[in-house]
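Peer 1: Sequence:
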Amino acid sequence: MRTPIVAFVSSVALLVACSGALESAGPGKIDTGSNLVVSAAVSGLTLGDEGCAATAGAPASRAPAADCAEPAPGMAPGSGCGGWVCRPSSVQIAITAEGTGAATKIEVVRVTLLESDDKELQDLAASSPRQWTESGYAAFSGSVGAGANLKTMWSLEAPTWSKHGASYTKQYKVRITLKAGSGTTTVDSELVSREAPVAT
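Counting in this note's numbering, the sequence shown runs from 1 upward without gaps.
Take these hints with a grain of salt, some might be off.
[Said to hold, decoys possible] Below, a list of computed lysine-lysine pairs in the DSSO-like style, where the Cα atoms sit at most 27 Å apart:
1) Lys119 to Lys170
2) Lys105 to Lys151
3) Lys119 to Lys163
4) Lys119 to Lys179
5) Lys29 to Lys119
6) Lys105 to Lys179
7) Lys151 to Lys179
8) Lys105 to Lys163
9) Lys151 to Lys29
10) Lys29 to Lys163
[Stated by the list, open to error] Computed beta-carbon distance windows for the label pairs:
11) Ala196 to Ala103: 37 to 47 Å
12) Pro197 to Asn149: 29 to 39 Å
13) Gly136 to Ser116: 26 to 36 Å
14) Ser162 to Val198: 24 to 34 Å
15) Val198 to Asp123: 37 to 47 Å
16) Ser143 to Lys163: 32 to 42 Å
17) Thr133 to Thr186: 21 to 31 Å
18) Thr160 to Asp117: 30 to 40 Å
19) Gly147 to Thr169: 36 to 46 Å
20) Ser34 to Trp132: 22 to 32 Å
21) Gly51 to Gly147: 37 to 47 Å
22) Asp118 to Lys29: 15 to 25 Å
In short, the hints are calculated from the structure, not lab data. Each residue gets a CB set at the ideal place from its N, CA and C atoms; glycine is no exception.
Kindly produce the complete structure, drawing on both the sequences and the hints.
Peer 2: As structure tokens, this is what we get:
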């Protein structure tokens, strides 16, 4: 009776890892020091392509294939040299707040890329915080007040995959330290896999 259950769980885990859409690894709570408790959890993670510095949420750009010659003079635009879709890295963080204290600012202090066994590989700089609105993602000031229920996204520095071996055969997660007011918390994402490059 156990075998079907194990197979089902494995299938679900594989689907989650490949899609990059994940359930949170659990919220971290931050006591801000002003009668306001902020909770944060990783709700999505995309580990993009090395060298891709585009802002997450923007249309994917194209980069020329390394082994492809430049088009000859006079060739039609888009012909000749192939390329690959440049996918930026990003992390989505769900943020809520409870209490009666004044609004405070939340910020990402550190993001660390880890292997499935918790081996640290490198720190990834976080930038361009945005929050989801009815019109899509908009700039996020970081301000969090009582009753907040926010869906946010940060762009991440691209991992240096060329230094980490056979990265397509492994799973990874990020560990994020956040600060709000005088408090901090650390949360992990679920494990995800790199997506294979898309040729164009």
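Peer 1: Does each hint hold? Answer for all of them.
Peer 2: Going through the hints against the structure:
1. Only pairs whose Cα atoms come within 27 Å are accepted, and Lys119 paired with Lys170 is accepted, the gap being roughly 12 Å.
2. At most 27 Å may separate the alpha-carbon atoms for a hinted pair to count; Lys105 and Lys151 meet this at roughly 15 Å.
3. For the hint pairing Lys119 with Lys163, the CA-to-CA distance comes to about 14 Å; that is within 27 Å, so the pair holds.
4. For the suggested pair Lys119 and Lys179, the alpha carbons sit about 23 Å apart, so the restraint of at most 27 Å is met.
5. Between Lys29 and Lys119 the CA atoms are separated by roughly 24 Å; this keeps the pair inside 27 Å, and the hint holds.
6. Between the alpha carbons of Lys105 and Lys179 the distance comes to roughly 8 Å, so the proposed pair stays at or under 27 Å and holds.
7. For the suggested pair Lys151 and Lys179, the alpha carbons sit about 17 Å apart, so the restraint of at most 27 Å is met.
8. Distance check on the hinted pair: Lys105 and Lys163 sit about 35 Å apart at the alpha-carbon level, beyond 27 Å; violated.
9. Between Lys151 and Lys29 the CA atoms are separated by roughly 16 Å; this keeps the pair inside 27 Å, and the hint holds.
10. For the hint pairing Lys29 with Lys163, the CA-to-CA distance comes to about 34 Å; that exceeds 27 Å, so the pair is violated.
11. One distance hint, 37 to 47 Å for the beta-carbon pair Ala196 and Ala103, holds here, with the actual separation near 43 Å.
12. Range check, Pro197 to Asn149: Cβ separation about 36 Å, and the 29 to 39 Å hint holds.
13. For Gly136 paired with Ser116, a C-beta distance near 33 Å keeps the hint of 26 to 36 Å intact.
14. Distance hint for Ser162 and Val198: a CB-CB separation of about 18 Å, inconsistent with the stated range 24 to 34 Å.
15. For the pair Val198 and Asp123, the supplied restraint of 37 to 47 Å is violated, since their beta-carbon distance comes to about 27 Å.
16. Range check, Ser143 to Lys163: Cβ separation about 37 Å, and the 32 to 42 Å hint holds.
17. A hinted range of 21 to 31 Å holds for the C-beta pair Thr133 and Thr186, which are about 28 Å apart.
18. Range check, Thr160 to Asp117: Cβ separation about 19 Å, and the 30 to 40 Å hint is violated.
19. About 44 Å separates the C-beta atoms of Gly147 and Thr169, a value consistent with the hinted range of 36 to 46 Å.
20. As the Cβ distance of Ser34 to Trp132 is approximately 26 Å, the hint placing it in 22 to 32 Å holds.
21. In this structure the hint that Gly51 and Gly147 lie 37 to 47 Å apart at CB holds, the actual value being about 41 Å.
22. With their beta carbons about 22 Å apart, Asp118 and Lys29 fall inside the hinted range of 15 to 25 Å.
The structure does not agree with the numbered hints 8, 10, 14, 15 and 18 stated previously, though it agrees with the rest.
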